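Colleague: Take the sequences, apply the hints, and build the full model.
2 protein chains.
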Amino acid sequence: MKTLLISRATLDGRTVDVLIEGNRFKTISEAPIEGTFDRTIDARGKILVPPFYNGHTHAAMNLLRGFADDLQLMDWLQNHIWPAEAHLDDRIVYAGTRLAILEMVRSGTVFFNDMYWYAPAVLRAAEDMKVRAAIARQAIEVTPGVNNPTNVESNAALEDMIGGCSDRVFLTYAPHAIYTVCGDSLREMHAKAAAEKSYYHIHVAETRTEMETCAKMHGGMTPIAYLDSLGVLDARTVMAHCVHLADGDIRIIRERGAVIVHNAQSNLKLDSGFFPFKRAVTEGGCRTVLGTDGCCSNNSMSMFSEMKTAALLAKTVADDPTVAPAAQILKMATADGAATFGINAGVIAEGKLADALLLDASNSLLVPGFNLASDLVYAADSSCVDTVICDGNVLMANRVVPGEADIIAAAREAAARLR
Amino acid sequence: MKTLLISRATLDGRTVDVLIEGNRFKTISEAPIEGTFDRTIDARGKILVPPFYNGHTHAAMNLLRGFADDLQLMDWLQNHIWPAEAHLDDRIVYAGTRLAILEMVRSGTVFFNDMYWYAPAVLRAAEDMKVRAAIARQAIEVTPGVNNPTNVESNAALEDMIGGCSDRVFLTYAPHAIYTVCGDSLREMHAKAAAEKSYYHIHVAETRTEMETCAKMHGGMTPIAYLDSLGVLDARTVMAHCVHLADGDIRIIRERGAVIVHNAQSNLKLDSGFFPFKRAVTEGGCRTVLGTDGCCSNNSMSMFSEMKTAALLAKTVADDPTVAPAAQILKMATADGAATFGINAGVIAEGKLADALLLDASNSLLVPGFNLASDLVYAADSSCVDTVICDGNVLMANRVVPGEADIIAAAREAAARLR
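These protein sequence lines map, in sequence, to chains A and B.
Numbering-wise (numbering that gives the first Met the number 0), the first sequence opens with residue 0 and increments by one.
Numbering-wise (numbering that gives the first Met the number 0), the second sequence opens with residue 0 and increments by one.
Hints are not guaranteed to be accurate.
[Said to hold, decoys possible] Chain B regions said to be covered by chain A (calculated; three or more residues, Cβ under 8 Å):
id, segment
1, 68–76
2, 92–104
3, 257–267
4, 271–277
5, 294–302
6, 357–365
7, 403–411
If you are wondering where the hints come from, they were derived from the structure by calculation, not from laboratory data.
Please read all numbers here as calculations on a predicted model, not as lab measurements.
Beta carbons: idealized from backbone N, C-alpha and C, even for Gly.
Modeller: Shown next, in the form of structure tokens:
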């Protein structure tokens, strides 16, 4: 089995050697680990921490970074984003997803829960770049009951591909939202997800319009109550946004064990509203993780930036500066993110899957270093990440990702075709 | 005169050569500039942009990064921050300010408007590291009418020092706040500032407690109305925070031409409240720039992060996603920041002071590159900054700041003395 020794890293304030065998942490020890290894990383002056797990995104939208901003939602979608997306094809989505993965790796993220068109291209990009990913069998029914042809083809191709892929990637069922997918399809996709022990990924309670439309169409119900009435909320249901939550919604989410993905920056940029962190998480006890959303509405994939905004915003929204402390936010972005998707990682411990970052302790953003969780949430940025390890593979070392120039050149070429 | 050629940089989409003579941009030309220069920077693949001007901070508080977070304001101040600050001395503040300047340079900032104890140490740090800075003659009257001894000594020392300093640094009058400085002193310091054409730097309307106390003590007046009644609001009055503004306050600020420094991240972290960007800036027309505040309440000095949070937050607070567009936010952090303090910089143009950044165009955060202002505000972080030029001097090249290891070692040693 392939061996990787991380030598003399700082872990929780101790100096340790970490031996990775295959894709797992085999031994973590203060005593130097002797032997011959396939690769050794000198980690003196480096801090070993878990990487980030991005709970909700549309990775290929990296190609639309800065394409259109600061507009009213429907102007933005109808006159800018959708016309650009009409140019999408398999090759463009592959190039865009690789750009997104490059950005994620450079900022310490090793997993993303995706939902986008041309999903086979997303799957290929994730496999080629050796990151973890949840790939969506997306459904958007333009006419209720009729799947979009792109989805149907993509979803069939995914089934053919997934068998030959690594354990790092898996498929989800992803009805886009309650206003784009009919109740029968919402139920049917959930039944398939349940039968396969797969995940169910959906946008929920993002905008005020969605709330009003849902109430009108479904006898005054909230989106959460409506989904619950369909029986699709359980511990494998992953709900992006949940900005607008009544107290009853919070109780339902907690009781079903469904997971909220909070996308603080996207919600602010699109003026979706303020996520009620204190009510839903601190007091409500809903399982909650963090996501960047797509690059059109953020416009980066940095979980550093996402953690900071989530932590800061929660305090003033709740009128309570003790809400969303750094350690809680960091756990949401790491261990909880991994656990949500059944990935046995997000914690540096023997037996866990070998996902890790080495941070440069001499980066001024991590000095003086009183509290690592605080520094990661409130101060750090991508420049602090020196080395990224996912599933035992070194994806970036000394801030170099192999093939970076080619990925960027391909992304520029693909973006030019979106105009 | 010293010459620096920036060769083949990208400026507003064109490829240019830029000749700096002494501390000014002498020639900007698409044709290559021939000749012999003291230094030439190969800027192929680099984007030339103005640097950032940080409108309000307490630089040395970098040493307290992560010292205490996520607490109620008075618990945080009385039980953590003030006891730590009791250990301050000239050497600690010098070390902390150098750490802050290092962080600022690495994230593209060349000026900071400071307010802190042991100001002579702040001034020395700014001069030694060749950045621009506004150094505060701070006043905090513990007993109204009596200056704090540290301030009195520091302020006297500043007067002795400033004559021997570069044009990059200058002094301000900085009464801490209306609740720590009495009305007579507020007026007296303004009279001195006016006589010297200096700046008047003060915290205003930051917390709800300040609003209530002001109303009680000053016949129902808001802090802005109170300051106006003292006659201290003019175009050289720089007011940090202004979170709580009545419509009448906004009219007064606009009419007096006083400047608001918006510190979005600090205001969120301390639960100060939501700055009314649309009312005060978009519609109110108040001159407004951006600041990071000190590292205890942010906890970084990155103007990238500050710009993003300011732009995102303004939209949802106003319930209008068109508020605070990227180009406006970028101008606030660059040209407007410089202009506020009479610094003829913040724009790359012949005759202007030679302050500039070179960004790495191949950093994935700037790809595909549809809109540079959007990319800088919403996506970039410190990793994008390759080279920093201030006043014609190269402060960082290829992401290396000379002396960085020594600055960090001294900061760690100083921070250890704060416990």
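Colleague: Within the assertion that chain A covers the segment 357–365 of chain B, do at least three residues meet a Cβ-to-Cβ distance smaller than 8 Å?
Modeller: With 3 residues closer than 8 Å to chain A, the segment 357–365 of chain B meets the three-residue bar; holds.
Colleague: Apply the coverage criterion to the segment 271–277 of chain B and chain A: a residue qualifies when its Cβ sits closer than 8 Å to a Cβ of the chain, and three qualifying residues are needed.
Modeller: holds (count 3)
Colleague: Verify the coverage statement for the segment 257–267 of chain B against chain A, using a C-beta to C-beta distance below 8 Å and requiring 3 or more qualifying residues.
Modeller: holds (count 3)
Colleague: Please count how many residues of the segment 294–302 of chain B have a CB within 8 Å of a CB from chain A and say whether that reaches 3.
Modeller: holds (count 5)
Colleague: Okay, the segment 68–76 of chain B and chain A, do three or more residues pass the C-beta test at under 8 Å?
Modeller: n = 6 at 8 Å, threshold three: holds.
Colleague: State whether the coverage of the segment 403–411 of chain B by chain A holds or is violated, taking the criterion as 3 or more residues with Cβ-Cβ distances under 8 Å.
Modeller: The restraint on the segment 403–411 of chain B holds, since 6 of its residues have a Cβ under 8 Å from chain A and three suffice.
Colleague: Please count how many residues of the segment 92–104 of chain B have a CB within 8 Å of a CB from chain A and say whether that reaches 3.
Modeller: As far as the segment 92–104 of chain B goes, the hint holds, because 3 residues have Cβ atoms under 8 Å from chain A.
Hint check: no violations occur; every hint is consistent with the structure.
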